[in-house]
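So the chains spell out like this:
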Amino acid sequence: MQSLILRTATRLLVSLILVFSIYLLFSGHNSPGGGFSGALVAATGFALYTIAEGPASVRRAIRIDPRRLIVFGLALALASGLAAVFAGKPFLTGLWWTVAELPDYTLVLGTPFFFDVGVYAIVLGTILTIILALEES
Amino acid sequence: MAASLKHRREWIARASCVLPLGLFLGACALVPATAADGSHRLSLPWIPELGINLSFMLDGLSVFFALIISGIGFFVTVYAADYLHGHRHTGRFFVFLHAFMLSMLGLVTADNVIALFVFWELTTIFSYLLIGFEHEEAASRKSARQALLVTGAGGLALLVGFLLLEMISGTYEISRMIPQASPIGAHPLYGAVLFLIFIGAFTKSAQFPFHFWLPNAMAAPAPISAFLHSATMVKGGIYLLARFHPILGGGGAWTCTLMIIGAITAVGGAVLAMGQSDLKKILAYTTITALGIMTMFLGGKTTPSLTAAMTFLLVHSLYKSALFLVAGIIDHQTGTRRLEELGGLLRPMPATAFAAAAACLSMAGFPLFFGFIGKEIMYKGALAEAMCPELAAGAAVLSNALMTAVGAILVIRPFLGRSAGYPAPVREAGVFMWCGPVVLGGIGIIFGIVPDFVGRWLVGPAVHAFHFSVEDIGLSLFHGINEPLLLSMLTLAMGLGFYLTHRRLFQWIKSASEKIPVTAERVYDGCVNGVGRLGRLQTRILQNGSLHRYFFIVAAAFLLSVGYGFLSRAQGFPEVVPPDLALRQWLWVFGITAAVITVLVTRILLLAICALGVIGAGLAILFLSFGAPDLALTQLLVETLTVVIVSMILFRLPGAGSETKGRLSRRLFDGLLAAGSGVLVTTLLLAVLSTELDRTITAFFERNSYLVAHGKNIVNVILVDFRSMDTLGEIVVVATAGLAGYALIQNRRRE
Chain A
1 MQSLILRTAT
11 RLLVSLILVF
21 SIYLLFSGHN
31 SPGGGFSGAL
41 VAATGFALYT
51 IAEGPASVRR
61 AIRIDPRRLI
71 VFGLALALAS
81 GLAAVFAGKP
91 FLTGLWWTVA
101 ELPDYTLVLG
111 TPFFFDVGVY
121 AIVLGTILTI
131 ILALEES
Chain B
1 MAASLKHRRE
11 WIARASCVLP
21 LGLFLGACAL
31 VPATAADGSH
41 RLSLPWIPEL
51 GINLSFMLDG
61 LSVFFALIIS
71 GIGFFVTVYA
81 ADYLHGHRHT
91 GRFFVFLHAF
101 MLSMLGLVTA
111 DNVIALFVFW
121 ELTTIFSYLL
131 IGFEHEEAAS
141 RKSARQALLV
151 TGAGGLALLV
161 GFLLLEMISG
171 TYEISRMIPQ
181 ASPIGAHPLY
191 GAVLFLIFIG
201 AFTKSAQFPF
211 HFWLPNAMAA
221 PAPISAFLHS
231 ATMVKGGIYL
241 LARFHPILGG
251 GGAWTCTLMI
261 IGAITAVGGA
271 VLAMGQSDLK
281 KILAYTTITA
291 LGIMTMFLGG
301 KTTPSLTAAM
311 TFLLVHSLYK
321 SALFLVAGII
331 DHQTGTRRLE
341 ELGGLLRPMP
351 ATAFAAAAAC
361 LSMAGFPLFF
371 GFIGKEIMYK
381 GALAEAMCPE
391 LAAGAAVLSN
401 ALMTAVGAIL
411 VIRPFLGRSA
421 GYPAPVREAG
431 VFMWCGPVVL
441 GGIGIIFGIV
451 PDFVGRWLVG
461 PAVHAFHFSV
471 EDIGLSLFHG
481 INEPLLLSML
491 TLAMGLGFYL
501 THRRLFQWIK
511 SASEKIPVTA
521 ERVYDGCVNG
531 VGRLGRLQTR
541 ILQNGSLHRY
551 FFIVAAAFLL
561 SVGYGFLSRA
571 QGFPEVVPPD
581 LALRQWLWVF
591 GITAAVITVL
601 VTRILLLAIC
611 ALGVIGAGLA
621 ILFLSFGAPD
631 LALTQLLVET
641 LTVVIVSMIL
651 FRLPGAGSET
661 KGRLSRRLFD
671 GLLAAGSGVL
681 VTTLLLAVLS
691 TELDRTITAF
701 FERNSYLVAH
711 GKNIVNVILV
721 DFRSMDTLGE
731 IVVVATAGLA
741 GYALIQNRRR
751 E
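The listed protein sequences derive, respectively, from chains A and B. Under the working numbering, the first residue of the first sequence carries the number 1, and numbering increases by one thereafter. Under the working numbering, the first residue of the second sequence carries the number 1, and numbering increases by one thereafter.
Source of the hints: derived by calculation from the structure; they are not laboratory data. Hints should not be assumed to be uniformly reliable.
Pairs of lysine to aspartate or glutamate residues, derived as EDC-like cross-links and limited to a Cα-Cα distance of at most 20 Å, are as follows [what the hints assert, rightly or not]:
1. Lys712/B - Asp104/A
2. Lys712/B - Glu702/B
3. Lys89/A - Asp726/B
What follows is a list of derived Cβ distance ranges for each label pair [to be verified]:
4. Leu534/B - Ser27/A: 49 to 55 Å
5. Ala56/A - Asp580/B: 52 to 58 Å
6. Gly442/B - Gly88/A: 55 to 61 Å
7. Ile645/B - Val19/A: 19 to 25 Å
8. Gln571/B - Pro90/A: 39 to 45 Å
Idealized CB from N, CA, C, for every residue including glycine.
Construct all of the structure, not just a fragment, from the sequences and the given hints.
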């Protein structure tokens, strides 16, 4: 679709949308958001980009095949679950590490976060796979 | 370069014979120990909670089988490297071959029935892969599938039989079931167990009426026929019957079934063998005969008849594998396996001729050959049986006489006979090919000379492993002039008679067997085709490619199943409480209603899609106003993407955007279905609201979300931590759906 307004607006919007998507992914554990909604936001961004610039430029921009993103996500989610097995706990039990002791706050990182990143990758990869295939057909 | 690569592959294949050789030597080393003091057990925990262990037992019976498997496996490996010379799937062949051999060894040494079942199915799978080795030929694929389905179905019956046995005896270990033989025999489920285990054994060992897969399995390369379909895998069922003889055997049902089925199989196989002209088919039908004879004698409970079964098993493994390898050599060197096209091969192929003669004389049961000993003990066993010895002896004499004639045909016609015209001069095969059959045939002579040695170290321990008596099994060269000897003479005389009339018998059996109206194979074909037809029928009804049909089926199934389940338990219509909404919430409700009406009345596709999006967004905002930001966020995003993707799809559909909406009656019906689904969902939700909400789970999450899972957003903590197993399942579904959708789109594009 050759619309100057859409293309110019898209350039501005897509980067904002993607930043917001990453923000949702990271903040999801304590405020609304999470891997699933983060991935949906990113997918809307890419859908917008697809409509404005065409699927070829989206493929160039994301560099990796979205199908690989699905595989990566599945592998990461499984690995985050298996980590607990190697630590001698039931599959998918959350393991937590303290990253930093701040004066009024303790920053922790755990396997559920990586699980969430896996969800993010799968959902984004799936939607991108479908959207790009549809646009290219 | 390519030639040297092929050459190297062939040497690697040949070198892989150290695996069976090592196993054979290992099994040899175990012979003195098992012959002296019974069994040795080894148990590794596998699923100990369920009583399933990888436990193995080495006793006379398993070592006896292990020797046959690894010994013949060695010669087959050496032979196959030359037989397959230059075949592009040589590597695959040897992997399958050795994997089969290891599973077969597992089968005969397993003490836990679940482990036994796993090995049993593994042999079925490798047999499938090896029968279908020439997978580019349709006949080969069909035979492979047939063998897989028949023996696989038998394997499933066997599994159920094993589970029932565990219910009765409380253990999966065979060695612990043996002391409970009498309670098992008295149990009401005994009959079912017996039936299921018989189905397993009969399908594997090609007993009537499951015999038909074995001749078709001759589509496999000759070394595979020699190894799997004569010497080892088809003996799996015989092994099973022997192994369970002390647990289930000896009763009237056991003896009667095995005697009758064994006798029918033995005589039927031998008669059909006379009506064949393909060397491998002849050998396949005589293998069925041999398996029938073993089954028949395992029906007995006296030492002579069980000894007969085990002795004949050894005799048969030796001569039949040699004969299959000979048939492979003939095929390899002359290009044909048809009896009428062969002749005069003695001069060009002396070593092969020697092997064939030694094996055939053993098969015919001539004195001084091991086959003679096997036949003598067979007649002794048949006459010693309490239950109808005439039947067993008669079936044994008849089938042995026919096998004698077959043996004579197999030596005389290809090797002596008039030389047939071959397209190229025939030469002897390489030493790696003929050494196997020569040694196997030669062992038949050596064992025939030292039967008491064989009896003491091989057959005796095998028999005593499942037949607990101290009685000597009594294998010897000459028993004096008695009934078995007379029956042997009668057999040879009858065999001579059958040989002299074999051309007439061939024509007669061939035309008669074509006239049989119902055969087991046709029943099998009918079943397989029936399943195919059923599949096509249900695809035509349920998956005709119309999106309308799919939606209809899903909605109707939902309406019927959920609606029935709800109505059958509902106590009146749930109470409708007027909702307590603020003004802005009422505004959104009206907005959603307006969007619904728009969807229904509009004829512009894009407008309908957008209106659907408005419905979703309105709901999201309602969620938000009730304090569910996560739900609202997700709902809003899903709606946005749905609008984008649906419009992408709809504008690509042929004829989309036009206003065809179908006939009025169909629209009316669709409308009713939609309205019904809507009413049902509403009623369900009202019913949910009218019951007291159980807050214990909510309280648990509120308490533990931050303390245990370090998260303040309970929704997300549930998704990625408390209920992450559910999420894992869901993302697998998402990924699968995505890839499947991709495949569908690509498929359309290619068309």
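- Contradicted hints - numbers only: none
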